[in-house]
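Engineer: One-letter residues, chain by chain:
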Amino acid sequence: MGRYVFKLPDVGEGTAEAEIVAWHVKVGDVIEEDQNLVDVMTDKATVEMTSPVSGKVVTLHGEPGEMAPVGSALVELEVEGAGNVKNNGHAAPAPKVEAKTEVPATPASKPVAEKSVTPGKPTQPSSQRPAFATRAPGEKPLASPAVRQRAHDLGIELQFVPGTGPAGRISHADLDAFVASGGQSMVLRAGPQLREGVEEVKVIGLRRKIAEKMQDSKRRIPHYAYVDEVDMTELEELRAHLNATRREGQPKLSVLPFIMRALAKVLPHYPQINARFDDEAGVVHRHAAIHIGIATQTANGLIVPVVRHAEALDIWQSAAEVARVAAAARDNKAAKDELTGSTITITSLGALGGLVTTPVINHPEVAIIGPNTILERPVVRGGQIVVRKMMNLSSSFDHRVVDGYDAAEFIQKIKSLLEHPAMLFMD
Amino acid sequence: MPDTIHCKVLVVGGGPGGYVAAIRAGQLGLDTVLVEADRLGGTCLIRGCIPSKAIIHRAAQFETMAHAAKNAVPGIVLAAPPALDMGALVNWKDGIVKKLNTGVAALLKRAKVRVIEGWAVFSDAKTCKVETKEGARLIEAEHVILATGSKPVELPFLPFDGSGGGKVISSIEALDLKTLPKKLVVVGAGYIGLELGIAFRKLGAEVTIVEALDRILPLYDAELVAPVTKWLKQNSVTVHLSAKAKGLDGGALAVETADGKTLKLDADNILVTVGRTPNTEGWGLENMAVDMAGRFVKVDERCATAMKNVWAVGDLTGEPMLEHKAATQGEMVAEVIAGHKRRFAPASIPAVCFTEPEIVSAGLLPEEAAKHGEILTASFPFLANGRALSMDAGEGFVRVIARKDDHRILGIQAVGTHVSELSAEFAHALEMGAVLEDIAGTIHVHPTLSEAFHEAALRALGHAIHI
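First to last, the sequence lines map onto chains A and B. Position 200, counted from 1, in the first sequence is what the numbering used here calls 200; the numbers after and before it change by one each time, with no gaps. Position 383, counted from 1, in the second sequence is what the numbering used here calls 383; the numbers after and before it change by one each time, with no gaps.
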């Protein structure tokens with residue numbers, strides 16, 4: 001029997017360290033060659049580390065969330081034969097590196113909902129309580145008929161009573177303890193229930209990337225927010241008609257591809273907005289191509305896949321491309337160039353669009369567009385109150401390189417196109 | 001104007017739901033009146049559980065002797081086959097019923113319950129009129145407990161005519177037959193039809209069973225039912241599955257079989273046991289403003305109906321239609337009326353089929369349990385149980401189903417001779433919230449059938465001793 005030390009290999013592109021995201025083995029596991037050991041995340045991608053040898057896991061180095069330098073020991077295995085430590089101390093054969101193509105987020109707006117990356121453990125409640133088996137919602141509490149009747153008499157729902165017996169069974173003593181601890185405030189039937197406990201959720205992996213990017217954007221960029229309302233009535237009619245008459249194989253159109261078309265038409269006149277600002281070098285890179293980032297909520301958090309060369313896509317192609325890259329991002333299958341290089345970003349919350357948003361710019365871009373919910377609203381047209389489908393268009397600009405006047409004019413051009421959708425299709 | 005009786009609690013129906021409610025109400029000092037048109041005791045006592053068990057017991061004895069006469073019972077030699085005196089058998093059964101019936105009357109009396117013989121008809125939720133031998137009585141009550149029970153379902157194309165001398169009978173007439181039918185056809189292979197069909201087979205009748213579904217005892221899984229199927233086969237009971245009774249055809253029962261053919265089954269009696277339906281008609285239920293749940297009266301977990309202070313228990317409130325459920329509800333409702341805080345929330349309502357062999361089930365069947373998560377299932381055969389072998393009862397097994405993660409027991413079933421008596425331990429284990437280790441850690445007396453439960457629990461834990 002020998003000992004084999006698996007060291008974090010150079011995962012490429014000059015990375016000096018990687019974050020441990022998730023262990024796939026634990027001490028004592030007997031593993032096969034090529035079995036996935038651990039996911040690590042670099043600035044560029046999440047990478048699955050597979051074992052070059054078969055053996056038994058003896059030691060794991062590092063917790064999820066910790067940074068491991070390249071070359072440091074990650075896993076120690078007990079292996080048949082000599083291993084790689086005792087005899088010669090040579091490094092392991094290069095492990096197989098498979099990029100999972102989950103590139104860190106380039107966040108564009110505030111995440112909709114906080115979702116923890118790893119399930120946290122509840123910390124000990126503040127008051128002294130015996131350890132107990134927690135019950136999933138809807139799971140029947142175990143207790144004898146006498147205990148059930150007594151709890152019922154006391155007006156206590158056993159669902160909330162910790163049980164110390166096998167399988168979480170509730171004894172008379174458990175019920176006594178519950179009552180003594182003031183559990184009666186959790187009395188059944190009516191009213192809100194008291195809960196205790198604090199969950200610690202480590203901010204690691206993608207969530208940490210999102211946090212860093214957001215902080216970076218907000219700290220570096222003086223955001224300039226601008227909102228105007230857009231009459232979407234005509235565009236909505238056109239959209240409904242297009243959707244009703246679309247050919248087989250054509251994707252269903254949301255508002256998004258129309259906005260992409262509008263951007264593609266207007267941005268060439270505002271090169272300072274379709275740009276990336278390298279503020280350390282003091283250079284604005286104005287891009288001829290329009291690569292639109294599409295803020296996408298995934299199970300792990302916010303990811304911004306990119307629709308490349310939107311200027312060369314028609315409305316159907318735009319819709320299809322958005323659907324494709326968003327699905328790829330959700331399924332963790334997006335290629336690296338589908339997750340980087342955007343020159344402007346759209347963040348749309350769809351039905352959750354709300355009245356106004358103040359989107360966070362996807363650094364180093366300089367602008368982000370956030371359409372809000374389309375609502376029928378009474379508006380005045382020619383002295384009459386009429387019902388129109390109105391949508392607010394929120395936006396943020398990097399005020400260092402985009403002047404407020406230009407930003408406003410830019411949004412007004414977008415608005416004009418959206419209100420006269422025929423213009424979207426004319427040169 | 002008829003005399004008006006005022007009372008705190010009026011119980012309608014003298015079956016196990018009603019009489020237990022009345023006794024408990026009386027014990028609690030509530031002024032209680034019970035109205036019953038027939039004898040006290042209800043379906044269970046008079047025309048169900050008890051009389052059928054008497055006949056099933058005698059049938060088993062008769063069968064043993066018949067076997068002995070064929071030299072099939074080692075150690076017992078009978079020179080001639082036993083003779084059946086059906087009349088005497090029914091009289092003996094009636095004697096047991098009468099004893100219990102009188103017993104119930106005495107218990108009610110001791111609890112100071114006034115029993116009024118007659119048929120109650122409600123004009124509103126708290127008022128009814130009863131025609132008694134002494135004339136009409138009006139009863140006005142603060143609380144009304146409805147316990148009217150259920151009756152056998154009649155097939156429209158096969159109406160019961162047994163009481164008028166015809167051959168189509170329900171379970172009620174089947175328990176009062178003065179002569180043994182030479183050929184008996186049972187329509188419906190639920191537990192009532194099978195219990196009676198098997199008993200009559202043991203008494204010497206030729207029995208054929210017709211079932212519309214593709215299996216007998218459809219409430220249970222195939223493994224549990226297999227020993228019963230085996231017995232039927234070994235004892236030449238023909239079972240037509242997926243077959244539909246169509247009606248009488250010149251004294252025979254016309255049956256459409258699974259392959260679409262029509263069979264004519266000769267029969268001296270046709271026993272129709274296709275289910276039971278609640279007694280909801282003919283007593284003014286429609287005037288009481290209670291809500292219904294299908295055919296049944298809708299009740300909450302305290303057996304309260306939609307009408308304030310009107311309660312309903314037993315078969316009237318839905319499945320399962322079992323004596324022990326009705327009695328538990330009756331007892332509870334009396335306590336609720338007396339101001340106690342009670343609810344009907346049992347961990348299980350165990351059920352027993354007195355077939356050959358017997359079946360008992362408490363809690364969830366494996367298929368149901370598996371829907372809620374990963375389970376452990378283990379059974380122990382009676383073939384490896386000494387007591388079972390010493391009673392010629394090696395057929396069958398005890399099976400336990402537990403959650404895989406915390407070993408809490410979710411369901412327990414058994415099939416085998418006399419396993420009905422194991423039902424109490426099964427139900428108790430479930431009510432107490434037992435885990436497998438609790439059963440494994442309980443000494444079970446040797447030699448008894450109950451050891452099979454102990455071994456099943458051990459087997460689920462991976463270390464059975466005797467298998």
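Just so you know, the hints here were simulated from the structure itself, not pulled from any lab data. Treat the hints loosely; a few may be bogus.
With the C-beta cut set under 10 Å, the calculated list includes, among others, these residues of chain B facing chain A [said to hold, decoys possible]:
no.: 1; residue: Arg58
no.: 2; residue: Lys167
no.: 3; residue: Lys298
no.: 4; residue: Arg342
no.: 5; residue: Ala345
no.: 6; residue: Ile349
no.: 7; residue: Ala434
no.: 8; residue: Val435
no.: 9; residue: Glu437
no.: 10; residue: Asp438
Ranges of calculated distance between the beta carbons of each label pair, as one might list FRET restraints [claimed, not checked]:
no.: 11; chain 1: A; residue 1: Val201; chain 2: B; residue 2: Thr442; range: 54 to 62 Å
no.: 12; chain 1: A; residue 1: Val387; chain 2: B; residue 2: Asn309; range: 53 to 61 Å
no.: 13; chain 1: A; residue 1: Val179; chain 2: B; residue 2: Asp214; range: 49 to 57 Å
no.: 14; chain 1: B; residue 1: Lys404; chain 2: A; residue 2: Val201; range: 50 to 58 Å
no.: 15; chain 1: A; residue 1: Glu139; chain 2: B; residue 2: Gly166; range: 47 to 55 Å
no.: 16; chain 1: A; residue 1: Asp176; chain 2: B; residue 2: Glu368; range: 28 to 36 Å
no.: 17; chain 1: A; residue 1: Val179; chain 2: B; residue 2: Lys298; range: 52 to 60 Å
Using N, Cα and C, we set each Cβ at its ideal position, and we do this for glycine too.
Engineer: Hey, does the Ile349 (chain B) contact hint survive, CB to chain A under 10 Å?
Structural biologist: violated (13 Å)
Engineer: Is the interface hint for Ala345 (chain B) satisfied, with its Cβ closer than 10 Å to some Cβ of chain A?
Structural biologist: Holds - the Cβ of Ala345 (chain B) comes within 10 Å of chain A, reaching about 7 Å at its closest.
Engineer: Go through the hint on Lys167 (chain B) and say holds or violated, using the shortest Cβ distance to chain A against 10 Å.
Structural biologist: violated (47 Å)
Engineer: Tell me if Val435 (chain B) is really an interface residue toward chain A, meaning its C-beta lies closer than 10 Å to one of theirs.
Structural biologist: Interface hint status for Val435 (chain B): holds (4 Å vs cutoff 10 Å).
Engineer: Against chain A, run the beta carbon of Lys298 (chain B) and see if the smallest gap drops under 10 Å.
Structural biologist: Lys298 (chain B) check fails; min Cβ-Cβ to chain A is 21 Å, beyond 10 Å.
Engineer: Double-check Ala434 (chain B) for me: the hint is only fine if its C-beta lies closer than 10 Å to a C-beta in chain A.
Structural biologist: OK, holds: Ala434 (chain B) within 10 Å of chain A, min 9 Å.
Engineer: Can you tell me whether the CB distance of Asp176 (chain A) to Glu368 (chain B) sits inside 28 to 36 Å?
Structural biologist: The hint (28 to 36 Å, Cβ to Cβ) holds, given that Asp176 (chain A) and Glu368 (chain B) are roughly 34 Å apart.
Engineer: Confirm or reject the claim that Val179 (chain A) and Asp214 (chain B) have a C-beta distance inside 49 to 57 Å.
Structural biologist: With Cβ atoms ~53 Å apart, the hint holds.
Engineer: Does 47 to 55 Å hold as the CB distance between Glu139 (chain A) and Gly166 (chain B), or does it fail?
Structural biologist: Because 54 Å falls inside the window, the suggested range holds.
Engineer: Holds or violated: is the Cβ of Arg342 (chain B) closer than 10 Å to a Cβ in chain A?
Structural biologist: Because about 7 Å separates Arg342 (chain B) from the closest Cβ in chain A, which is inside the 10 Å limit, the hint holds.
Engineer: Does Asp438 (chain B) hold up as a contact with chain A if the rule is Cβ-Cβ below 10 Å?
Structural biologist: Where the cut-off is 10 Å and the nearest Cβ of chain A is about 7 Å from Asp438 (chain B), the hint holds.
Engineer: At a threshold of 10 Å, is the proposed contact between Arg58 (chain B) and chain A supported by beta-carbon distances?
Structural biologist: violated (36 Å)
Checked against the numbered hints given earlier, this structure breaks hints 1, 2, 3, 6, 11, 14 and 17; the rest are met.
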